[in-house]
Every structure is written in structure tokens, then in C-alpha cells.
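Undergrad: Chain by chain, the residues:
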Amino acid sequence: MLTSSLSTLTDQPPTPAKNRPRQEFNLGLRHGLPIALGYLPVSFAFGLLAVKGGLPAWVATLISLTNLTSAGQFAGTNLILAGASLLEITLTTLVINLRYLLMSLSLGQKLTPGLTWRQRCLMAFGITDETFTVAALERTEISFHYMIGLILGPYAGWGTGTLLGGVVCTLLPNNLQNALGITLYAMFIALVVPPAKKSTAVRWIVGVAVGLSSALTWLPGLRQLSAGWRIMIATIIACLGGAYFFPRKEVQ
Amino acid sequence: MGRTLLAVFLMALVSYLPRVTPLAFLRQKIKSPFLQSFLYYVPYAVLGAMTFPAILSATGDTASALVGFSVALLLAFYEKGLMTVALCASLAVYLYQFLMG
Numbered sequence: 001m002l003t004s005s006l007s008t009l010t011d012q013p014p015t016p017a018k019n020r021p022r023q024e025f026n027l028g029l030r031h032g033l034p035i036a037l038g039y040l041p042v043s044f045a046f047g048l049l050a051v052k053g054g055l056p057a058w059v060a061t062l063i064s065l066t067n068l069t070s071a072g073q074f075a076g077t078n079l080i081l082a083g084a085s086l087l088e089i090t091l092t093t094l095v096i097n098l099r100y101l102l103m104s105l106s107l108g109q110k111l112t113p114g115l116t117w118r119q120r121c122l123m124a125f126g127i128t129d130e131t132f133t134v135a136a137l138e139r140t141e142i143s144f145h146y147m148i149g150l151i152l153g154p155y156a157g158w159g160t161g162t163l164l165g166g167v168v169c170t171l172l173p174n175n176l177q178n179a180l181g182i183t184l185y186a187m188f189i190a191l192v193v194p195p196a197k198k199s200t201a202v203r204w205i206v207g208v209a210v211g212l213s214s215a216l217t218w219l220p221g222l223r224q225l226s227a228g229w230r231i232m233i234a235t236i237i238a239c240l241g242g243a244y245f246f247p248r249k250e251v252q
Numbered sequence: 001m002g003r004t005l006l007a008v009f010l011m012a013l014v015s016y017l018p019r020v021t022p023l024a025f026l027r028q029k030i031k032s033p034f035l036q037s038f039l040y041y042v043p044y045a046v047l048g049a050m051t052f053p054a055i056l057s058a059t060g061d062t063a064s065a066l067v068g069f070s071v072a073l074l075l076a077f078y079e080k081g082l083m084t085v086a087l088c089a090s091l092a093v094y095l096y097q098f099l100m101g
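Order-wise, the sequence lines are chains A and B. Heads up: the first sequence is residues 1 to 252, going by the numbering used here. Heads up: the second sequence is residues 1 to 101, going by the numbering used here.
Calculated directly from the structure, the hints in this document are not laboratory data. Treat the hints loosely; a few may be bogus.
What the hints assert, rightly or not - Here are the simulated PhoX-like cross-link-like pairs (lysine-lysine), alpha carbons at most 20 Å apart as the crow flies:
hint, chain 1, residue 1, chain 2, residue 2
1, B, Lys80, A, Lys110
2, A, Lys249, A, Lys198
3, A, Lys198, B, Lys31
4, B, Lys80, A, Lys197
5, B, Lys31, A, Lys249
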């Protein structure tokens with residue numbers, strides 16, 4: 001009562017401090033909406049593939065809700081389905097997710113001061129390529145409430161899409177399932193070709209990775225390697241070469 | 001199932017650790033341009049290595065996979081959206097299998 005009557009006395013009452021978190025949260029929610037929509041078809045494809053491979057829909061959804069990654073959980077799930085060892089599954093997922101180190105480091109430079117350790121740990125869970133890009137590009141200073149708002153939509157979208165994909169899979173006829181088997185790879189191609197067009201370095205690195213992964217698949221003597229190690233070895237060699245021959249100037 | 005859930009837990013752990021470690025424990029920036037570049041290139045290399053040659057056995061037969069692959073490459077080259085590329089590649093595979101099979 002007192003504060004509301006006081007604020008009528010001034011022309012432009014300053015935003016009460018207690019409302020700032022809510023505004024930040026709502027702004028984050030708005031920024032996250034397009035990401036959430038973009039996640040639906042990808043997570044749908046994931047649910048479809050995981051269930052097609054033999055996992056129950058609830059396990060596929062659990063993977064999405066605990067991993068919240070694209071490439072990492074796709075590769076890990078493929079390895080689970082292939083009956084790979086736990087070590088192989090863990091290492092492959094780890095290597096694919098190493099890029100989050102860079103994003104987390106970069107976000108860490110832009111946080112509002114005074115965040116608690118627990119808040120930092122909670123925000124970290126929602127770092128994906130997309131939420132990172134939006135947060136890094138839209139805000140000069142990233143608050144806890146903004147980040148939580150930003151994460152929420154994509155998280156819900158990722159889980160919902162997976163569940164829907166998993167449930168729908170069991171209802172689809174076999175030839176349609178075959179046709180959808182290529183969806184994910186087509187998406188990967190759609191992700192990698194545009195940057196490869198623009199950057200010589202990316203072209204070389206993708207080329208080397210593809211060449212190595214083909215060699216490791218087809219060359220006699222190397223064929224015993226399972227998919228996880230193939231991807232890991234190809235990635236590490238291609239990126240070492242990339243970092244050596246195409247060092248980047250200060251990455252933002 | 002127990003083994004699968006353990007695998008899921010380990011995957012969740014190694015998905016979270018790279019995200020949380022710098023944010024919670026480190027306050028300085030990576031200085032090494034080599035390491036920065038390495039990490040920057042990782043997603044591209046992974047996408048490449050994951051896609052090929054695995055895509056060739058994604059549809060049940062190599063011929064239809066090659067058709068889908070070509071359609072995806074072409075549409076991606078003209079920078080169509082993820083959903084467009086994915087659905088058109090699927091449709092191409094479906095039509096090919098329908099007409100040839």
C-alpha cells in the first residue's frame with residue numbers, strides 16, 4: 001500500500017527490484033520459444049529412432065530429459081542399441097560434448113555478479129548450442145532468471161518431441177519407418193553443409209572426418225572398431241589437424 | 001534394462017560435466033588459440049563422421065539411401081531449413097522404395 005501510493009508521486013517510478021527477476025524470466029521465455037519449436041522435429045526423430053531401435057518410449061524420453069544434447073545423446077543411444085561397452089558409450093558421449101566446455105567458459109564471462117554456486121550449477125544444465133548462441137548474442141549480461149526462462153521452453157520441447165516420436169513409432173508401417181531412418185542424417189547434412197560452404201576450414205575438417213570414418217569402416221583390419229570409437233578417432237584427428245592448420249583468432 | 005539405465009546415467013553425467021565445470025569452478029578464459037580452435041571444430045567433425053558412411057545403411061538398402069543422401073546434399077547446399085531437408089530426403093527414400101521395391 002505504502003509503496004504503491006508513493007510511486008504515484010513520481011512521474012517515472014523505478015522498476016521495483018523484486019519485479020526484475022520476473023521481467024528477466026519472461027524475456028528469456030520469449031527468446032526460448034523459437035528454439036523450443038525447432039527442437040520438436042529433431043527430438044521427434046530421436047524418439048522415433050530410439051524406439052525403432054528397441055528402447056521403450058519412456059527410456060528415450062528419460063535420455064532427452066537428462067542429457068539435453070543432440071549429437072551426444074544420438075551417438076550414445078546408437079551405441080546402447082548396438083550393445084557397446086559402457087566405457088565406449090561414456091567416452092564417445094564425453095568427446096562429443098566437450099564443445100560445451102567452450103560455451104560454458106564463454107557464458108561464465110557474461111554472468112551478472114553475485115550468482116550463487118547453486119544457481120550456476122542449475123544454469124549450466126541448460127546450455128545447448130542454441131540456448132548458448134541466443135544468450136551470448138542477445139544479452140551483454142546474463143542473469144539467472146533470464147537463463148532459466150530461456151532454458152525452460154527448449155527443455156519442454158525436447159522432452160515432448162521425444163515422447164511423441166517414441167509413441168508414434170510403434171504405429172508406423174515398416175516402409176515408412178525405413179524412409180524416416182534417413183531423417184536424422186539429412187538433418188546433420190542440413191546442419192553441416194551451409195557452414196562448410198562458407199568456410200574452407202570447416203570444409204577440410206568435415207572432409208577429413210568423413211574420410212577417416214569411411215576408412216575406419218571399410219579398410220581391412222580396422223573394421224573391428226565399433227561406431228563410437230570410429231567417430232571419436234575421426235573427430236579428434238580432424239580437429240587436431242583443423243586447430244593446427246586453421247587456428248582461429250580469439251573465439252567470442 | 002539395468003545396464004541401459006546405467007548407460008543413460010553415465011551419458012547424462014558426461015553431458016553435464018563439460019557444461020558445469022567451467023561455469024561453477026573456473027573463472028578465467030581459455031587462452032590457448034589451439035584449444036579454442038580444436039573445441040570450435042568439434043561439432044563439425046562429429047557431424048561429418050556420424051553421417052558418413054552410416055547414412056548408407058540407414059534405410060535398409062544402399063540404393064535408396066544414396067537417393068536420400070543426394071536429395072539432402074542438394075537441398076542443404078541451397079540452405080533449406082532442417083525440417084525441409086529431413087522430410088524431402090525421407091520422401092525421396094519412400095518414393096524410391098515404393099517405385100523400385
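Undergrad: Now look at each hint and say whether the structure bears it out.
TA: Here's how the hints hold up against the structure:
1. B:Lys80 with A:Lys110: Violated. Lys80 (chain B) to Lys110 (chain A) sits at ~33 Å, over the 20 Å cutoff.
2. A:Lys249 with A:Lys198: 17 Å, holds
3. A:Lys198 with B:Lys31: 26 Å, violated
4. B:Lys80 with A:Lys197: Given that 20 Å is the threshold and the Cα spacing comes to 13 Å, the pair holds.
5. B:Lys31 with A:Lys249: 11 Å, holds
In terms of the numbered hints stated before, the structure departs from hints 1, 3, listed from lowest to highest.
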